[in-house]
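Go ahead and model the full structure; you've got the sequences and the hints to work with.
As they're listed, the protein sequences go chains A and B. If you're matching positions, the first sequence starts at 108 in this note's numbering and goes up one per residue. If you're matching positions, the second sequence starts at 239 in this note's numbering and goes up one per residue.
Treat the hints as calculated values from the structure; they're not laboratory data. There could be a bad hint or two in this list.
[Unchecked claim] Derived CB-CB ranges, DEER-like:
#  : chain 1 : residue 1 : chain 2 : residue 2 : range
1  : B       : 345       : A       : 140       : 24 to 34 Å
2  : A       : 280       : B       : 272       : 36 to 46 Å
3  : B       : 344       : A       : 294       : 42 to 52 Å
4  : A       : 221       : B       : 272       : 20 to 30 Å
5  : B       : 345       : A       : 294       : 22 to 32 Å
6  : B       : 277       : A       : 120       : 38 to 48 Å
7  : A       : 289       : B       : 277       : 38 to 48 Å
8  : A       : 178       : B       : 273       : 28 to 38 Å
9  : B       : 304       : A       : 214       : 26 to 36 Å
10 : B       : 447       : A       : 273       : 35 to 45 Å
11 : B       : 409       : A       : 123       : 45 to 55 Å
[Unchecked claim] When the alpha-carbon atoms are kept at most 27 Å apart in a straight line, the in silico BS3-like pairs for lysine-lysine are as follows:
#  : chain 1 : residue 1 : chain 2 : residue 2
12 : B       : 396       : B       : 412
13 : A       : 286       : B       : 396
14 : B       : 396       : B       : 318
15 : B       : 407       : B       : 396
16 : B       : 407       : B       : 385
17 : A       : 202       : B       : 385
18 : B       : 284       : B       : 246
19 : B       : 396       : B       : 385
20 : A       : 202       : B       : 284
21 : B       : 385       : A       : 286
22 : B       : 407       : A       : 286
These numbers were taken from a predicted model, which means no experiment stands behind them. Glycine included, each C-beta is placed from N, C-alpha and C at the ideal position.
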Amino acid sequence: MNGAGGGQKSVKALAMEGLWTNNPIFGQVLGICSTLAVTNMVLNTLVMCAALILTLSMSSLSISLLRSWTPRNIRMMIETLIIAFYVIMVDIALKAYWPEMSQNLGPYVGLIITNCIVMGRAEACANTQPPLTALVDGFFNGLGYSFMLLLVAIPRELLGMGTIMGFAAPYFSGPHWDKWIIMVMPPGAFFMLALAVWLFRSIQGPQQKEGAK
Amino acid sequence: MTEKPAIKFRTRRSFPVLYMFAVTFVATGILIGLSRSTAGRVEANKQILFERAVLSALGVDAGQRPSPANIHQTFLAQVKSPTESTAGAYRLVRDGATAAYALPFAGRGFWNEIRGVMGISPDGSVLTGVAFYEQSETPGLGAEIVKPAFTEQFRNLKLAGGSSALGLKPAGTKTSASEVDAITGATQTCTRLEDILNDALGAWRREMGLHESGGAAAPDGSGEDG
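Written out as structure tokens, the structure reads:
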């Protein structure tokens with residue numbers, strides 16, 4: 108898998124960028140809306156992350172495959188169309204085979220279409236890079252998004268409801284823990300996200316400038 | 239469609255239009271096919287969700303972790319469809335007599351429609367249960383209405399007479415047997431749900447001529463016989 112189809116960047120470099128130096132959430136600050144919306148229960152978050160990783164990888168791959176054919180002036184229409192294509196596929200699959208989850212996520216799966224990360228990677232990478240590089244880049248950006256989402260979701264569900272993935276957690280589900288309802292409510296997402304971004308940017312510190320370029 | 243990579247063709251002004259058309263055609267074609275092929279399944283899922291809600295509201299046991307087929311069989315065997323004499327309610331039939339009614343209800347929740355079913359005793363004075371089959375309330379807050387911790391409170395709940403048959407009160411503040419605990423942090427969902435349930439119950443009882451019946455509280459609402 109090394110070399111990523113003759114691309115300029117190795118898989119390792121792409122992974123490093125997607126997960127760390129150029130992480131979609133705390134590096135590029137994209138896709139914040141869904142980070143805030145679906146992170147109050149870990150299971151919902153996991154499914155959302157899986158859907159995003161799939162959409163992002165596949166749409167990056169497809170956009171890259173078509174890149175030499177796509178006229179510059181209509182490229183964004185084509186990108187949106189391809190993204191929507193994969194998102195609707197995920198939505199149909201959930202409706203047919205996992206109706207409960209489809210209900211839980213409500214409109215958010217459909218809203219992946221407007222998730223800035225997908226369009227951002229299409230414009231920044233898939234448009235100009237060979238297919239395998241685009242696929243790997245999309246995959247790791249999806250992973251980078253996912254681990255941040257989980258980092259926000261786990262404390263929210265634990266502190267707010269005393270459970271993890273719906274299972275009661277010791278101590279937090281007991282009578283000694285007064286559940287922080289606000290963690291499940293929208294403000295909790297802002298607090299957790301801000302803390303996480305602050306933490307990671309502090310650790311990143313001096314690398315920041317390199318990563319942003 | 240795009241066999242010959244002739245440069246001339248790709249620089250023509252009509253090329254972007256044709257290209258967009260071709261890509262759209264392929265993508266939507268696949269999606270329509272996929273959606274058609276799963277339409278039956280999606281419809282069946284919805285039907286099973288509804289039947290499960292009816293059985294749950296009526297307190298009918300379809301077995302431990304029932305399969306969709308089990309639910310459907312039990313539903314067909316025990317529940318009769320609404321007729322004119324039931325004012326839109328399904329009937330649970332035991333030994334030839336009506337054991338309970340299952341009344342579907344719907345109304346606007348905080349984000350979207352809440353749809354569910356409530357089971358009512360034949361004389362309209364006791365709920366056998368409440369179950370939901372469609373809602374998009376906030377996960378973790380309003381959506382907790384579907385959890386057993388909330389719905390089990392409605393099992394064998396005595397109803398008051400009049401237009402407010404039951405009440406959802408903040409945890410720890412209920413004063414009569416016809417009230418249950420609301421969900422903390424989901425006040426909007428709960429007040430709306432309270433209205434939805436009371437409106438549906440009131441309308442149904444009027445239509446069935448069960449207007450006066452009240453199980454728990456006296457009409458002045460001060461009954462405390464729980």
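Now the hints, each set against the structure:
{"no.": "1", "hint": "B/345 / A/140: 24 to 34 Å", "in the structure": "holds (28 Å)"}
{"no.": "2", "hint": "A/280 / B/272: 36 to 46 Å", "in the structure": "holds (41 Å)"}
{"no.": "3", "hint": "B/344 / A/294: 42 to 52 Å", "in the structure": "violated (31 Å)"}
{"no.": "4", "hint": "A/221 / B/272: 20 to 30 Å", "in the structure": "holds (21 Å)"}
{"no.": "5", "hint": "B/345 / A/294: 22 to 32 Å", "in the structure": "holds (28 Å)"}
{"no.": "6", "hint": "B/277 / A/120: 38 to 48 Å", "in the structure": "holds (45 Å)"}
{"no.": "7", "hint": "A/289 / B/277: 38 to 48 Å", "in the structure": "holds (41 Å)"}
{"no.": "8", "hint": "A/178 / B/273: 28 to 38 Å", "in the structure": "holds (29 Å)"}
{"no.": "9", "hint": "B/304 / A/214: 26 to 36 Å", "in the structure": "holds (30 Å)"}
{"no.": "10", "hint": "B/447 / A/273: 35 to 45 Å", "in the structure": "holds (44 Å)"}
{"no.": "11", "hint": "B/409 / A/123: 45 to 55 Å", "in the structure": "holds (49 Å)"}
{"no.": "12", "hint": "B/396 / B/412", "in the structure": "holds (14 Å)"}
{"no.": "13", "hint": "A/286 / B/396", "in the structure": "violated (30 Å)"}
{"no.": "14", "hint": "B/396 / B/318", "in the structure": "holds (24 Å)"}
{"no.": "15", "hint": "B/407 / B/396", "in the structure": "holds (15 Å)"}
{"no.": "16", "hint": "B/407 / B/385", "in the structure": "holds (17 Å)"}
{"no.": "17", "hint": "A/202 / B/385", "in the structure": "holds (21 Å)"}
{"no.": "18", "hint": "B/284 / B/246", "in the structure": "violated (53 Å)"}
{"no.": "19", "hint": "B/396 / B/385", "in the structure": "holds (21 Å)"}
{"no.": "20", "hint": "A/202 / B/284", "in the structure": "holds (10 Å)"}
{"no.": "21", "hint": "B/385 / A/286", "in the structure": "holds (17 Å)"}
{"no.": "22", "hint": "B/407 / A/286", "in the structure": "holds (19 Å)"}
Hint compliance for this structure: hints 3, 13 and 18 are not met, and every other hint is.
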